[in-house]
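Using the sequences and the accompanying hints, generate a full structural model.
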Amino acid sequence: MHTITVNPDHGMVEVTVEGFWTSDHLRVFAGELLAALQAATAGGRSSIVLCDYTRAAIQSQEVVAALQAFMANPPIRSRKVALFTKGMLARQQARRLAATRDEIRVFDDRAAALAWLEAGAPSSTDRSVRWSANPARSSPAR
1 MHTITVNPDH GMVEVTVEGF WTSDHLRVFA GELLAALQAA TAGGRSSIVL
51 CDYTRAAIQS QEVVAALQAF MANPPIRSRK VALFTKGMLA RQQARRLAAT
101 RDEIRVFDDR AAALAWLEAG APSSTDRSVR WSANPARSSP AR
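According to full-length UniProt numbering, the stretch in the sequence shown is residues 1 to 142, in order.
Just so you know, not all the hints are guaranteed correct.
Stated by the list, open to error - If you anchor each label on the Cβ, the simulated ranges turn out as follows:
#, residue 1, residue 2, range
1, Q92, G44, 18 to 26 Å
2, Q38, K86, 24 to 32 Å
3, R110, R77, 17 to 25 Å
4, R95, G44, 28 to 36 Å
These aren't lab readings, by the way, just hints derived from the structure by calculation. Positions of the beta carbon are idealized from the N, C-alpha and C atoms, including for glycine.
Set out below in structure tokens:
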């Protein structure tokens, strides 16, 4: 499963990845991430992405390969992408994903990831939009 939250004032997309994904789930995720990135960049701002990978299971090679392909050539490219996770295997998998682009970094915790993302970013008010994807639900929720 996953959750996607968008803060259009900061151009920030926050993603939480949980559990073991299938190729079908990855397709749903990719569509929702694209919609979130469009919302984040609607004001002409470049996007930044914060990805919480701490509750993600170690994914299958098929899903990892598809994620790598998506991240290597995304429909909308983010200025910075920070993934954070704990655990050696999850961190190795996150690093494999991050190796697809120079603007992606992997961190041990949220604070360090957020600090790197926000370095040099302007601040403004909070207007967040949230997507929560479960197999039965894939529409935006406010």
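The hints, checked one at a time:
no.: 1; hint: Q92 - G44: 18 to 26 Å; result: 37 Å, violated
no.: 2; hint: Q38 - K86: 24 to 32 Å; result: 31 Å, holds
no.: 3; hint: R110 - R77: 17 to 25 Å; result: 23 Å, holds
no.: 4; hint: R95 - G44: 28 to 36 Å; result: 32 Å, holds
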